[in-house]
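Engineer: Chain residues, written in single-letter form:
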Amino acid sequence: MEHGYTIKSKPIYGALAWHDKATVHLVIAQSQGGLAVLKLFEQMQPKQPVRVLYAQQDTDYAKTLKKVVPEGLDVLNSEQELLDVLKSIMPTMRMGLRIYIAGSEGFIWSVAEAVKAFGVENADLMKEQTDTLARTIYCVHCKAITHNITTNIGKCSGCGRMLFVRDHFSRQMGAYMGLMIDAESPGELPAIEEIYP
Amino acid sequence: MSMINVKVVAIEQVTPLVKHFTFVKEDGSSLPAFSGGSHVVVSLDIGGRIHRNPYSLMGSPMENEAYHISVRKQENSRGGSVFMHENVTVGMPLKITYPVNLFSLAKKGRKHILIAGGIGITPFMSQIADLNRMNANYELHYAYRSPEHGAFAAQLKEKCGDHLHCYIDSQGQRLDLQALLNDQPLGTHVYVCGPNAMVLATLDTARNLGWPENHIHSEQFLSPPTGEPFKIQLARSNIEIQVSAEMSMLEAIEAAGVEADYLCRGGVCGRCELDVLETDGALEHNDHFLTDTEKASCKKIMPCVSRAKGERLVLDL
Chain A
-18 MEHGYTIKSK PIYGALAWHD KATVHLVIAQ SQGGLAVLKL FEQMQPKQPV
32 RVLYAQQDTD YAKTLKKVVP EGLDVLNSEQ ELLDVLKSIM PTMRMGLRIY
82 IAGSEGFIWS VAEAVKAFGV ENADLMKEQT DTLARTIYCV HCKAITHNIT
132 TNIGKCSGCG RMLFVRDHFS RQMGAYMGLM IDAESPGELP AIEEIYP
Chain B
17 MSMINVKVVA IEQVTPLVKH FTFVKEDGSS LPAFSGGSHV VVSLDIGGRI
67 HRNPYSLMGS PMENEAYHIS VRKQENSRGG SVFMHENVTV GMPLKITYPV
117 NLFSLAKKGR KHILIAGGIG ITPFMSQIAD LNRMNANYEL HYAYRSPEHG
167 AFAAQLKEKC GDHLHCYIDS QGQRLDLQAL LNDQPLGTHV YVCGPNAMVL
217 ATLDTARNLG WPENHIHSEQ FLSPPTGEPF KIQLARSNIE IQVSAEMSML
267 EAIEAAGVEA DYLCRGGVCG RCELDVLETD GALEHNDHFL TDTEKASCKK
317 IMPCVSRAKG ERLVLDL
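In order, the protein sequences belong to chains A and B. Just so we're aligned: 131 in this note's numbering is position 150 of the first sequence, and the numbers increase by one with no gaps anywhere. Just so we're aligned: 216 in this note's numbering is position 200 of the second sequence, and the numbers increase by one with no gaps anywhere.
Any given hint might turn out to be false.
[Said to hold, decoys possible] A short list of chain B residues far from chain A (calculated; beta carbon distances all over 12 Å):
1) Lys41
2) Gly63
3) Glu79
4) Gly96
5) His181
6) Ile184
7) Ser253
8) Asp308
[Stated by the list, open to error] Pair ranges (Cβ atoms, derived):
9) B/Arg149 to A/Asp65: 33 to 41 Å
10) A/Ile126 to B/Arg126: 21 to 29 Å
11) B/Gly63 to A/Gly(-5): 53 to 61 Å
12) B/Lys89 to A/Asp148: 48 to 56 Å
Everything labelled a hint here was simulated from the structure, so no lab data went into it. Ideal Cβ placement from N, Cα and C applies to all residues, glycine included.
Using the sequences and the hints, build the whole thing.
Structural biologist: Here it is in structure tokens:
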């Protein structure tokens, strides 16, 4: 890729840090995102109420989190379970809530989608990417979403086309644009390489 | 900048200090469509000197036969608002810019809290038309000095019904911002337009309660402050210009025949931003656009409202 080239839509994730002003903090993490939560609590124990939702996976920080987060911690067994708990507590939240998310990009945007239904906008969320660079892709041909693509070219789960994974990202869909790589010369594929491990 | 030729078709004294003007296009055709919260800049030739003042459009965005603005007569006017009040008459032709919106409603908002102080009600008049049409969840909190200063209170009551909350200062009624913003549902946006103290208090209260920045909206057109006269050099035009005490830098640049970009002329939009090539003195940044860091760097200035002290200020224009 050309040096100095950037695409505005590609999200750039930072590191979690507490907002000074809030009425409630809601920290949502998955797998290695637990480490990001531990780093957050190293910064300080906030004076406002904190709620932490953690989905444990391969890497498990649940034990340490239980020591560091004195109250308000929920350890869940899957992303789905976490999203269910999240949806059950969101109706009680009011303006002044600050949300922090740490996990894979797929996880981050699943959470973003879940809270959007409660009026929380993408720009309101603090996000830290952990675990993997795997991408969710949106097929511009059949509109199917395919998760966990780790290679430059991925197979569409909807239509089976081989899709080139672009940097062009949709916050609305939480996915990168994928477009047919061999449209002009069917069957001719460049080398497929893992670049989003 | 391309302008629209309009003529004044009605003038109404709404309060002791506020006049309402209705414009139609001089050639009788329709005016450009606009969205709630938009403003136009009205150009006034006052004794050969061009004044350009921004005013919010107050009519419904659904109606493009006429534009409506309201002008408060400013005590420390540099001439613009007094001229509008005393010299502009029905039938008079005027030039205005195309509408620009620097104060639009957040389309994703679940609830909208509009806070107006005095003449700050004007941008909300067109937004209310949009909110009513969208059947949106909103509250309008309108604070003013005394009953006779409640411009449009009756009209608003009719349009907004229970959405309207009035606070009349002379009757000891105060808007409690903390109580208002303390317990609002997620997805609420707050919008404020009014005197500086009210705008700052609203921003402070919302921020202290942890509201995300993109849920907080304000608009406050500044009049260019007067000050000591100073000189500027325009590097590309290769001329030196004297900025008098009464004039803004932008007006002095325009008076010298140099074309400069602008939109709001009130320190809000950032369009007139100029690069400072050299300066030997303090810049008086009066705008709401540059960040504190940018202001401190002395590399940029907004000539619509800012001034300079010192002998030398070279601008990239």
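Engineer: Take the hints in turn and mark each one as holding or not.
Structural biologist: Hint-by-hint comparison with the structure:
1. Lys41: B/Lys41 clear of chain A: closest Cβ-Cβ about 38 Å, beyond 12 Å.
2. Gly63: 48 Å, holds
3. Glu79: 31 Å, holds
4. Gly96: 37 Å, holds
5. His181: Given that every Cβ of chain A is farther than 12 Å from that of B/His181, nearest at about 18 Å, it holds.
6. Ile184: 27 Å, holds
7. Ser253: The claim stands: B/Ser253 keeps its Cβ more than 12 Å from every Cβ of chain A (closest is about 33 Å).
8. Asp308: At about 17 Å from chain A, B/Asp308 clears the 12 Å cut-off, so the statement holds.
9. B/Arg149 to A/Asp65: 33 to 41 Å: Distance hint for B/Arg149, A/Asp65 holds at roughly 37 Å.
10. A/Ile126 to B/Arg126: 21 to 29 Å: The hinted range 21 to 29 Å holds for A/Ile126 and B/Arg126, with Cβ atoms some 26 Å apart.
11. B/Gly63 to A/Gly(-5): 53 to 61 Å: 55 Å, holds
12. B/Lys89 to A/Asp148: 48 to 56 Å: 55 Å, holds
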